[in-house]
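*Asks:* With chain A's structure known, arrange chain B on it following the hints.
Listed below are the residues making up each chain.
2 protein chains.
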Amino acid sequence: MSSNLKEQAVSKIRFKDFQDKIVSADEAASWIEDGMTLGMSGFTLFGEPKVFPGALAKRANEHKIKVNVYTGASMGPDADGVLAENKAINLRLPYQGNPSLRKEINSGEAKYIDQHLSHTAEQIRQGVLGEIDFAIIEAAAITEDGQIIPTGSVGNSPIFVEKAKNVIIELNVSAPAAYEGIHDVYIPKDQGENLRDAIPVYDISQRIGSIGIKVDPAKVRGIVLSDRPDIPSPLFEPNEETQKIADNLLAFLEKEVEEGRLTEKLAPLQSGVGSVANAVLSGMAKSKFKDITVASEVLQDGIFDLIDAGVVKFAAATAFSLSAKRVATLAEDLERYKGKVIFRPQEITNHPEVIRRVGVISFNTALEADIYGNINSTHVNGTHMMNGIGGSGDFARNARITIFVTTSTAKGGDISAIVPFVTHVDHANHDVDVIVTEQGYADLRGKAPREIAQIIIDNCVHPKFKEQARDYIKRANEKGGQTPHILSEAFSWHEHYAKHGTMLLSEKKK
Amino acid sequence: MSSNLKEQAVSKIRFKDFQDKIVSADEAASWIEDGMTLGMSGFTLFGEPKVFPGALAKRANEHKIKVNVYTGASMGPDADGVLAENKAINLRLPYQGNPSLRKEINSGEAKYIDQHLSHTAEQIRQGVLGEIDFAIIEAAAITEDGQIIPTGSVGNSPIFVEKAKNVIIELNVSAPAAYEGIHDVYIPKDQGENLRDAIPVYDISQRIGSIGIKVDPAKVRGIVLSDRPDIPSPLFEPNEETQKIADNLLAFLEKEVEEGRLTEKLAPLQSGVGSVANAVLSGMAKSKFKDITVASEVLQDGIFDLIDAGVVKFAAATAFSLSAKRVATLAEDLERYKGKVIFRPQEITNHPEVIRRVGVISFNTALEADIYGNINSTHVNGTHMMNGIGGSGDFARNARITIFVTTSTAKGGDISAIVPFVTHVDHANHDVDVIVTEQGYADLRGKAPREIAQIIIDNCVHPKFKEQARDYIKRANEKGGQTPHILSEAFSWHEHYAKHGTMLLSEKKK
Numbered sequence: 157m158s159s160n161l162k163e164q165a166v167s168k169i170r171f172k173d174f175q176d177k178i179v180s181a182d183e184a185a186s187w188i189e190d191g192m193t194l195g196m197s198g199f200t201l202f203g204e205p206k207v208f209p210g211a212l213a214k215r216a217n218e219h220k221i222k223v224n225v226y227t228g229a230s231m232g233p234d235a236d237g238v239l240a241e242n243k244a245i246n247l248r249l250p251y252q253g254n255p256s257l258r259k260e261i262n263s264g265e266a267k268y269i270d271q272h273l274s275h276t277a278e279q280i281r282q283g284v285l286g287e288i289d290f291a292i293i294e295a296a297a298i299t300e301d302g303q304i305i306p307t308g309s310v311g312n313s314p315i316f317v318e319k320a321k322n323v324i325i326e327l328n329v330s331a332p333a334a335y336e337g338i339h340d341v342y343i344p345k346d347q348g349e350n351l352r353d354a355i356p357v358y359d360i361s362q363r364i365g366s367i368g369i370k371v372d373p374a375k376v377r378g379i380v381l382s383d384r385p386d387i388p389s390p391l392f393e394p395n396e397e398t399q400k401i402a403d404n405l406l407a408f409l410e411k412e413v414e415e416g417r418l419t420e421k422l423a424p425l426q427s428g429v430g431s432v433a434n435a436v437l438s439g440m441a442k443s444k445f446k447d448i449t450v451a452s453e454v455l456q457d458g459i460f461d462l463i464d465a466g467v468v469k470f471a472a473a474t475a476f477s478l479s480a481k482r483v484a485t486l487a488e489d490l491e492r493y494k495g496k497v498i499f500r501p502q503e504i505t506n507h508p509e510v511i512r513r514v515g516v517i518s519f520n521t522a523l524e525a526d527i528y529g530n531i532n533s534t535h536v537n538g539t540h541m542m543n544g545i546g547g548s549g550d551f552a553r554n555a556r557i558t559i560f561v562t563t564s565t566a567k568g569g570d571i572s573a574i575v576p577f578v579t580h581v582d583h584a585n586h587d588v589d590v591i592v593t594e595q596g597y598a599d600l601r602g603k604a605p606r607e608i609a610q611i612i613i614d615n616c617v618h619p620k621f622k623e624q625a626r627d628y629i630k631r632a633n634e635k636g637g638q639t640p641h642i643l644s645e646a647f648s649w650h651e652h653y654a655k656h657g658t659m660l661l662s663e664k665k666k
Numbered sequence: 157m158s159s160n161l162k163e164q165a166v167s168k169i170r171f172k173d174f175q176d177k178i179v180s181a182d183e184a185a186s187w188i189e190d191g192m193t194l195g196m197s198g199f200t201l202f203g204e205p206k207v208f209p210g211a212l213a214k215r216a217n218e219h220k221i222k223v224n225v226y227t228g229a230s231m232g233p234d235a236d237g238v239l240a241e242n243k244a245i246n247l248r249l250p251y252q253g254n255p256s257l258r259k260e261i262n263s264g265e266a267k268y269i270d271q272h273l274s275h276t277a278e279q280i281r282q283g284v285l286g287e288i289d290f291a292i293i294e295a296a297a298i299t300e301d302g303q304i305i306p307t308g309s310v311g312n313s314p315i316f317v318e319k320a321k322n323v324i325i326e327l328n329v330s331a332p333a334a335y336e337g338i339h340d341v342y343i344p345k346d347q348g349e350n351l352r353d354a355i356p357v358y359d360i361s362q363r364i365g366s367i368g369i370k371v372d373p374a375k376v377r378g379i380v381l382s383d384r385p386d387i388p389s390p391l392f393e394p395n396e397e398t399q400k401i402a403d404n405l406l407a408f409l410e411k412e413v414e415e416g417r418l419t420e421k422l423a424p425l426q427s428g429v430g431s432v433a434n435a436v437l438s439g440m441a442k443s444k445f446k447d448i449t450v451a452s453e454v455l456q457d458g459i460f461d462l463i464d465a466g467v468v469k470f471a472a473a474t475a476f477s478l479s480a481k482r483v484a485t486l487a488e489d490l491e492r493y494k495g496k497v498i499f500r501p502q503e504i505t506n507h508p509e510v511i512r513r514v515g516v517i518s519f520n521t522a523l524e525a526d527i528y529g530n531i532n533s534t535h536v537n538g539t540h541m542m543n544g545i546g547g548s549g550d551f552a553r554n555a556r557i558t559i560f561v562t563t564s565t566a567k568g569g570d571i572s573a574i575v576p577f578v579t580h581v582d583h584a585n586h587d588v589d590v591i592v593t594e595q596g597y598a599d600l601r602g603k604a605p606r607e608i609a610q611i612i613i614d615n616c617v618h619p620k621f622k623e624q625a626r627d628y629i630k631r632a633n634e635k636g637g638q639t640p641h642i643l644s645e646a647f648s649w650h651e652h653y654a655k656h657g658t659m660l661l662s663e664k665k666k
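Chains A and B supply the protein sequences, listed in that same order.
Here the first sequence is numbered in the working numbering, starting from 157 and rising by one per residue.
Here the second sequence is numbered in the working numbering, starting from 157 and rising by one per residue.
Hint data in this document are derived by calculation from the structure and do not stem from the laboratory.
These figures come from a predicted structure and were not determined experimentally.
Treat the hints loosely; a few may be bogus.
One copy or two, it doesn't matter: identical chains are merged, so the pair holds either way.
Computed cross-link-like contacts, DMTMM-like style, restricted to lysine to aspartate or glutamate with a CA-CA straight-line distance of at most 20 Å [unchecked claim]:
#1 K481 to D182
#2 K630 to E265
#3 K162 to D176
#4 K655 to E634
#5 K411 to E287
#6 K375 to E265
#7 K655 to E645
#8 K567 to E396
#9 K421 to E488
#10 K444 to E420
#11 K259 to E634
#12 K162 to D190
#13 K655 to D461
#14 K370 to D173
#15 K603 to E287
#16 K603 to D190
#17 K319 to E415
#18 K665 to D570
Bound-form chain A, shown alone (with noise of 0.2 Å):
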């Protein structure tokens, strides 16, 4: 450890008990044995921490040691990567998407469960995920208090805090000061004999937390330090097809406005991570709507744009997800959109409370659709985990509009986007209100299914499947059924691609 890093810190390390807590990565981690749970901090790669991971991936290996790990929501390379390349993960929750530990996933080799993101802490409440041993936090600063200022994210930290036996905080001394009055911590009571309290959100930008983490001091075992910056996401420049589908959501919106069921403010926005929210919001740059409120999980680049073109007044999330350009200027953009951007615990900003009655329009990806309108947001070919269904479940089932956004086709044209029947099932159709690709967007509001089907082949299904989609309806509509549906050919065209490379039913192309 440099002297100049160990100078650095002890100036963030307000909190005088905590000074003398400064230990290796090392040694911290060789305080976590086998079978041990950690609860750490981290959503989108933001707020993660960065050194610890990798001293006890190094541990692991060496002494064969496999934990469950806990977090926010995805990590990156030095957290998930190395820990899953040294076989370190045991159990993994609610979320991921790293590449190395999606492999250990679908091997068998790491259990995971895929969880709706504001369930966690419910569920670490109760007590049915057992002890958190260690809690491993990253912070920006610890206050005069001993308040845990994190960074970038609040995801699960909080609860993991309060319940952990221990807790590690590793402080980040190159992340931004004015992280500090960014968080917005407040934890709902535990269910049990006393009565809970409303979650007092009622406008998004209404303060109702603490600035920061409060700790049990006695449960901080030590203070590990790191000077490495925030991770940066692939940037996400819309193309041809995104900026259709961003256009056609638009679209919709702009239609809403007109019959007068939304104002030109709409409605508390969230919106998933990717290419096409990112498309989306460079979208609403120049749209006519404004002064919007966005009550979204996550923070990509266009919300600083976006601010600044009047469209939207106030940001809510649980954490930022920014490219590189973006991480570069963090600390100006801290500074000068304080006051319009906040970060609150996962459960508050998924909370089916919050959603419900501010009335949020969701839209999030999927990886698969079917003419019934249910959704599949996670496995491929029913099978293998791709990331996880992450807070679309929170979103999609109490929002205002629950909208679904995917290219048509995928693999160059030769898989269907839109299938007679989805091989996995996350969002039932109950749940969906509209689906938009590059074709167009299809509103299923107050229809039933057949008329459900119809409308999503002409609207939303590329034009090289309309014809065999048209083909499956037409002969499961003569068997009946609210949803009619041929059991035995549900999931031909998967089985075609298999077999054929294409799904496209009268072509082979292997």
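*Replies:* Chain B alone, transformed into the frame defined by chain A:
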């Protein structure tokens, strides 16, 4: 109309301005035009109009009229039945359970939107289900200030009355006077420019609303009179199988108490309707649980016995579903249990905010489950609608513990209710904590999919289907994945049954 009926009615119409509004059912029906949307009271056969629908069905038959019928939930033969038999229904939502209507739905003659029961009111509020032309509401009385006192359900009546252009009251003179005071009508504000309040239910037994439904007097077009009694549901006496399921479910709850995750007061309880729910309630009367609060959708017969036994101290729901025996004593029961039973609008009983806050334990019946814990609640063979999802999704997503119950087999043992892949997913495994059959229970919490398959097969599948289930997952596991499947065999059990009269792959019965 008998003069005696009218005389009785006048004493119940305590709002003087309404006393000259009495009309015949035929006259009221004559106001209904083709294509109109009607919002009717009624939930699990309780509280529905019993005279108006017959008159409407007659008119529909004579004039080839079709209407959209929105309700709380299921209606009986004199409402859904007679309307369906006369081809009077264009679109029906959000739930039904009538054999004649089911036939119309599955043939495609009537359109049916199977909705989460807390969603309908919000969708009406947002304007996406069109305008309500007439609300038709069964009443036990009309108060001095013009409030409609509902009968055995509240359902969606408050939102129908608020949003309808016209209101028809069907005053039921035979409804017990003691219905007055049992309702607690609270209507959330519209979403829009103004901030919404919290739903102020913290303790389930708190009263939050009015005793009746407030109505703009100018909208009340007419009052139809009825003296038909409440409609009883079948009496579900426990049999050997349902008793075993109940015992297994109670064993799970006892384990939760033993492990300190619940106390003997459990947590507010929601139970579905039917034989298993009734067997569980009967079993509870002899259990060590006490002072339980019921936070349910429907109250069945057993609830009164449980209050007598000191097991239940308070029960809130939106409707009764009672057998003939309990209907016979309803007037005195309502008096006796006043202050211990309350009926709220279904958007409040099923509100995600309330369910998450109080931490409901939810149990509902599955039509089929799969080895990974996905639940089909609605579609036979993935195609034909049975009843609907009802409120199970409102509870399952947001409850503290979500339990699904089913017998392990059906059709005399030829069908396994637990299959490799359900033919329709209403509840994705993210929402399912525990599955119970007469064989045992499987606690899925904190388990990954491969483990889930193991314990469901071990604990819940019928012995005669265990071997073929194990063979399926063994071969599926070889192909890898988070959720191993063989897509070409996913529905093979269903297909074998269709061809050979049994799901046992080694047998052929036809």
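*Asks:* With 20 Å as the alpha-carbon cut-off, assign the pair K259 and E634 to within, between, both or neither.
*Replies:* between (43 Å within a copy, 15 Å between copies)
*Asks:* How would you classify K421 and E488 at a CA-CA limit of 20 Å: within, between, both, or neither?
*Replies:* Intra 28 Å, inter 53 Å, cutoff 20 Å: neither.
*Asks:* For K411 and E287, with the copy left unspecified, which applies at a CA distance of at most 20 Å: within, between, both, or neither?
*Replies:* between (50 Å within a copy, 18 Å between copies)
*Asks:* Is it within, between, both, or neither for K481 and D182, if the alpha carbons may be no more than 20 Å apart?
*Replies:* neither (32 Å within a copy, 72 Å between copies)
*Asks:* Is it within, between, both or neither when you check K630 against E265 at 20 Å Cα-Cα?
*Replies:* between (44 Å within a copy, 16 Å between copies)
*Asks:* Can you tell me if K665 and D570 fall within 20 Å by alpha carbon in one copy, between copies, both or neither?
*Replies:* within (9 Å within a copy, 41 Å between copies)
*Asks:* From the Cα coordinates, with 20 Å as the cut-off, is the pair K603 and D190 best called within, between, both, or neither?
*Replies:* For K603 and D190, the Cα distance is within 20 Å only across copies (19 Å; inside one copy 53 Å).
*Asks:* When Cα atoms must be at most 20 Å apart, do K567 and E396 count as within-copy, between-copy, both, or neither?
*Replies:* within (16 Å within a copy, 54 Å between copies)
*Asks:* Between K444 and E420, at a C-alpha cutoff of 20 Å, which is it: within one copy, between copies, both, or neither?
*Replies:* within (7 Å within a copy, 57 Å between copies)
*Asks:* Is it within a copy, between copies, both, or neither that the alpha carbon of K375 lies no farther than 20 Å from that of E265?
*Replies:* neither (32 Å within a copy, 66 Å between copies)
*Asks:* Indicate which option fits the pair K655, E634 if close means a Cα-Cα distance not exceeding 20 Å: within, between, both or neither.
*Replies:* between (28 Å within a copy, 18 Å between copies)
*Asks:* At 20 Å max between alpha carbons, let me know whether K655 reaches D461 within a copy, between copies, both or neither.
*Replies:* Neither: 46 Å inside a copy, 61 Å across copies.
The structure fails to meet hints 1, 6, 9, 12 and 13 from the earlier list, while all remaining hints are met.
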